[in-house]
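My request is simple: use the sequences and hints to build the entire structure.
Quick note, the sequences are listed as chains P and H, same order.
Note that the numbering used here numbers the first sequence so that position 79 is 79, with each residue one more than the last.
Numbers in the numbering used here are just positions in the second sequence, counted from 1, shifted up by 1000.
If you're looking for bench data, these hints aren't it; they were derived computationally from the structure.
Here the structure is a predicted model, which means the values were calculated and not measured.
There are no misleading hints in this set.
If you want the footprint, here are the derived chain P segments under chain H, 3+ residues with CB under 8 angstroms:
1) 23-34
2) 111-121
3) 126-132
4) 144-158
From the structure, some residues in chain H lie toward chain P, with a derived Cβ separation under 8 angstroms:
5) Gln1138
6) Gly1283
7) Asp1287
In silico lysine-lysine, BS3-like type, Cα no more than 30 angstroms apart, as pairs:
8) H/Lys1267 to P/Lys35
9) P/Lys152 to H/Lys1154
10) H/Lys1120 to P/Lys35
Note that CB positions come from ideal geometry on N, CA and C, so glycine has one too.
Chain residues, written in single-letter form:
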Amino acid sequence: MSKIHMVNLILLFMVPSMPKGNIIAEVKTMPRIKKIKNFPCSKCHKNKKRNFQISLPLNSPHNEIVFNHMPSINSCYQCHSKNNIKGLILRDGRKLSLSNSNQLCWQCHGEIKNDWRTGLHGKETGSWLTTKYRYSCIECHEAHSPRPHSMKAEPSIQRPKFGITKQEH
Amino acid sequence: MKNIDNDNSSIPNELKRAQRVEKKTKQVLDTKIERRGFLKMAAAAAAATLPAKEAPAFFDFFKKHYKEMTPAEKKVAIAKLEKKLEKKLGLDINVTNPDPIDNAHFVYGLDLSKCNGSRKCVTACVKENNQGRDPAIQYIKVLEMDIGTMNLEKGDQYYNGIVPKKGKFYMPIQCHQCDNPPCVKSCPVEATWKEKDGIVVIDSEWCIGCRYCMAACPYEARRFNYSEPKIPKKEVNTTQGYLSNRVKPKGVVEKCHFCLHRTREGKLPACQEACPTGARKFGNLNDPKSDVAIIFKKKRIFVLKEELNTSPRFFYYFG
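What follows is the structure, encoded as structure tokens:
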């Protein structure tokens, strides 16, 4: 294959004229609540008055939580509500349900917020014709350690034996 | 004596073989041309002159081109294909042929800064579209390339292991559904054409397997079934589009068709749904609120081999 050109194609592409009766899909945020682990929290958290630090006791079911995010956080309660364990808390004190975690992330990731709201960052599923469902940040970024995981690639096709160099020739 | 005998006979033998090969080649070439001409004349020829016994086999030659079929004729063709596939696969097959949706202008965007080379799209595509597993046919080819380079020739499509690798980026390539498609122009029997939602389709019932289109495609996006595609029975997708993911016979060309049996029903392509990073964006450019329309407006996008004027509907950008 020869070299390729990078061009701003906004001018080159023929953007179709907008006919009447356009299809405009609705976009909703994909509900999150059923996917949250250890839910409902109230199964175990009945005593509301405890104030834990970021280091968990060894026998906690949350031991798998590794905190690797912004450096300025030193308590679970900078995001989780101390008085209401099944809720989140914004930095200005406003309360949020666990399933609305996007708003929590937007506080500090303003640029991504804009990209996410237009579909540029993140992912949409559903129907391009009727309703699309936008993934919450947490679908791809663990709240406590948000760096995207590396993963094992699905196996490649076999490298051809000698002679043929391309899959199709 | 024996030795000389052997020597004498070996030369004519070589010659004979060469002649035989030449004759055979000519024969093959001639039959191809004959059949092509034959197909063109098919409409004019009279089926009635054929012996009754052979009529079903020959009937295929005389059927109409898909584009010229009336809805009723399409129904018959679909029922026929359904029967044929059911017999071949031993499964309950549902053949569909959704028509293009008015006002849909499909485009596909790929965010190269997100793609992590996991090939989840490839696996999903193979399953959805009933591609042969052995030898493996894959519509999507993912190239692993060094960051800072854009030379597709140096891209490695055989990488394996944990991804993304340091210093690499990944570039998936599949059919670009060009608005000016060289493959369509190269087909001698019009077995491949462009539909009004932008998808370039192939009619496997009409394809003669000459592979001119493969030579014409600058993106190497077309695949050829050298043998009958092998698919484990359990993995066969039984919803099969007439012009898309139906199980192919041996000797025809196939390629990505933006999952038209899904997308024309409002769904998203299998590769888009499988992508774990959100690098794949499919949508309707006529919908001003769709992600693809906004990417079009806001991002610097590029297409491969722009100088060839193929006008692809598949574009890349760094998000």
